[in-house]
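Model the full assembly from the supplied sequences, consistent with the hints where possible.
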Amino acid sequence: MAIIEIEQLTKNYRVYRKKEGLLASVRGLVHRQYQSVPAVRGVDLQVEQGQFVAFLGPNGAGKTTTLKLLSGVIHPTTGTARVMGYVPWKRSIAYRRRFALVMGQKNQLWWDLPAQESFRLHQKIYQIDHRQFQKTLNELTDLLELGPLLGQPVRELSLGERMRMELVAALLHSPEVLFLDEPTIGLDVVAQHNIQEFLRHYQQLRKITILLTSHYMKDVAALCKRVVIIANGQIMYDGSLSDIINRFGGHKVVTFQLNGDRMPDLSQFGQVLESIVPRVKLRIDRQNVTTTLSHVLAKYTVEDVAVEDPPLEQVIADIFSTASENSREPA
Amino acid sequence: MIAIASSAGLWWTILRTSLEERLAYRADFALGTLMRFLPIVTQILLWKAIFEAAGEKEIAGFQYKDMVAYYLIVMISRALSSMPTLASSITLQIRNGDIKKFLIQPVDMIGFLLLMRVAWKLVYYIVAIGPFALVFYLCRGFFDGWPDAATMLAFITSLAMAFLLGFFLEVTIGMIGFWFLEVSSLLFIYMVLNFLLSGHMFPLALLPDSIEPWVRALPLQFLAGFPTEVFLGNVTGEAMLRGLWTQFMWVVFFLATSRIAYHYGVKRYSAFGG
Chain G
243 MAIIEIEQLT
253 KNYRVYRKKE
263 GLLASVRGLV
273 HRQYQSVPAV
283 RGVDLQVEQG
293 QFVAFLGPNG
303 AGKTTTLKLL
313 SGVIHPTTGT
323 ARVMGYVPWK
333 RSIAYRRRFA
343 LVMGQKNQLW
353 WDLPAQESFR
363 LHQKIYQIDH
373 RQFQKTLNEL
383 TDLLELGPLL
393 GQPVRELSLG
403 ERMRMELVAA
413 LLHSPEVLFL
423 DEPTIGLDVV
433 AQHNIQEFLR
443 HYQQLRKITI
453 LLTSHYMKDV
463 AALCKRVVII
473 ANGQIMYDGS
483 LSDIINRFGG
493 HKVVTFQLNG
503 DRMPDLSQFG
513 QVLESIVPRV
523 KLRIDRQNVT
533 TTLSHVLAKY
543 TVEDVAVEDP
553 PLEQVIADIF
563 STASENSREP
573 A
Chain D
375 MIAIASSAGL
385 WWTILRTSLE
395 ERLAYRADFA
405 LGTLMRFLPI
415 VTQILLWKAI
425 FEAAGEKEIA
435 GFQYKDMVAY
445 YLIVMISRAL
455 SSMPTLASSI
465 TLQIRNGDIK
475 KFLIQPVDMI
485 GFLLLMRVAW
495 KLVYYIVAIG
505 PFALVFYLCR
515 GFFDGWPDAA
525 TMLAFITSLA
535 MAFLLGFFLE
545 VTIGMIGFWF
555 LEVSSLLFIY
565 MVLNFLLSGH
575 MFPLALLPDS
585 IEPWVRALPL
595 QFLAGFPTEV
605 FLGNVTGEAM
615 LRGLWTQFMW
625 VVFFLATSRI
635 AYHYGVKRYS
645 AFGG
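Same order as they appear, the protein sequences are chains G and D. Following our numbering, the numbering of the first sequence begins with 243 at its first residue and continues without gaps. Following our numbering, the numbering of the second sequence begins with 375 at its first residue and continues without gaps.
Simulated from the structure, these hints should not be mistaken for lab results. As the structure is a computational prediction, the values presented were derived from the model and not from experiment. Any given hint could be a false lead.
Restricting the straight-line Cα-Cα distance to at most 30 Å, the calculated cross-link-like pairs of lysine-lysine (DSS-like) are [said to hold, decoys possible]: (1) K377/G with K475/D; (2) K348/G with K495/D; (3) K332/G with K641/D.
Computed footprint of chain G on chain D, listed as stretches where at least three residues anywhere in the stretch have a Cβ under 8 Å from a Cβ of chain G [said to hold, decoys possible]: (4) 387-399; (5) 466-476.
A virtual CB, placed ideally from N, CA and C, is assigned to each residue, including glycine.
This is the structure we're talking about:
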């Protein structure tokens with residue numbers, strides 16, 4: 243049975259539209275124009291228990307809004323959602339005990355106190371048995387290598403250390419569902435890697451359900467088998483990472499290494515991506531690859547040839563820009 | 375029973391954590407506490423000058439000695455009922471999204487903030503008790519001795535309610551942040567009215583007869599003037615009991631208002647700011 247069920251979820255924000263200039267500001271004192279901006283539009287989604295799902299999308303796509311809806315922070319405009327059987331925005335105490343939300347740009351720990359004080363408070367807030375609390379805390383601080391830092395005020399920790407502390411705070415009550423919003427934002431490569439490793443290990447160990455939003459493809463590739471691409475508040479793709487290329491990568495990248503120091507014009511076969519004597523890289527539509535290969539091989543002396551899928555980042559960027567163009571077209 | 379013990383454990387931990395947090399800001403705290411005592415000197419000198427200039431022994435039933443005694447007790451009431459940065463910090467949390475932690479954790483935000491305030495006040499009094507004792511010892515000549523036990527009990531009850539009233543009133547103002555981006559102007563108006571009409575600046579008995587009943591109909595006097603008048607024996611018997619009851623009703627009113635505002639505010643909340 244699905245642990246997260248979302249049906250036709252829609253969230254419109256009411257946004258004040260201010261015109262430019264001082265006069266407009268003065269007018270705004272008496273009369274304001276508001277606009278309804280859709281952030282999430284009719285999203286349907288089902289997530290099974292134990293899945294690690296990534297939400298990919300450009301800024302403003304609706305990823306974070308969806309997480310906020312699922313964690314009950316905001317109310318939807320229309321639609322329904324159930325997480326572990328609870329309607330999130332009813333914000334029942336029972337529900338709040340069973341999930342956690344970590345936002346990469348928000349701090350839940352007490353800034354001027356050592357993290358262990360916040361953890362102790364969490365123990366009481368979530369009513370965690372003392373022995374269980376100590377066991378979980380030791381396990382998490384060992385995994386995240388945080389032991390010596392527990393007594394240091396949070397404000398004195400590095401961004402990476404702070405993020406790891408945030409994860410400990412979020413996991414102390416052993417949530418069954420974890421929402422992660424950009425958990426590696428602003429971190430260096432090593433810190434990103436550490437967090438990815440931890441999340442992968444923890445998810446496999448506890449079999450919890452995780453929904454992750456991220457801009458970093460590396461996060462997603464390292465952690466999630468299932469990817470949901472969201473753009474303009476709508477789901478554009480829901481499936482495995484590898485299938486994205488098959489479905490959306492409508493072309494291949496073909497590299498020819500030619501014999502000789504003169505480069506013939508190959509633009510008739512496809513878009514030239516790179517041309518450095520004696521090598522030329524072409525973007526060729528998937529269905530034309532075989533014909534193009536036979537033509538080029540027949541016409542020129544080719545020393546080597548490589549046919550590759552386009553980079554994943556490129557395919558996803560193409561999906562985002564297509565979605566963005568579609569949204570700009572008049573209805 | 376287990377639920378009560380568990381809640382008590384939670385509230386105690388919130389209180390303890392808040393105490394530790396307050397003690398982390400040592401310098402700011404010590405300075406803030408000591409600076410509160412400076413206005414006493416200026417107020418004593420100011421009232422002395424007013425009485426001398428007026429050439430009267432008594433103004434609206436207050437002698438110079440009574441006025442200083444009033445001011446010293448008002449200082450205690452104000453130290454309990456004033457809530458520095460409470461409303462503004464709530465609106466800031468609404469604006470920048472920090473309020474989310476109260477929405478996702480199984481904890482009541484208003485209860486949490488109340489315990490934080492209790493901790494702040496406790497720390498304040500722990501540090502300020504020495505200077506307070508010294509000031510009252512030096513100014514003992516302005517008082518006619520200690521009030522009787524019943525008056526003292528009424529005074530303490532009234533002080534506790536002044537604290538709760540100040541808290542829920544400011545929380546209610548802070549909750550307006552769910553509807554309006556900025557409440558600093560509103561807070562400023564509240565602070566000015568509070569200063570003038572709560573009995574903080576001068577006893578409300580000094581107001582003209584045509585205005586005084588209107589001002590007394592407001593909840594502000596219960597933040598400063600009323601507890602002081604109870605201590606000084608200016609309000610006694612049935613009037614005192616009626617006053618305590620009205621103060622209690624104002625506490626209940628603002629408790630309910632803050633809760634209702636929170637309930638509808640959260641529904642309206644857009645969680646901008648990440």
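Structure-based check of all given hints:
1. K377/G with K475/D: Cα-Cα ~24 Å, so holds.
2. K348/G with K495/D: 28 Å, holds
3. K332/G with K641/D: Holds, because 10 Å separates the two Cα atoms, which is no more than 30 Å.
4. 387-399: Per the Cβ count (7), the hint holds.
5. 466-476: holds (count 4)
The earlier numbered hints are all upheld by this structure, with none contradicted.
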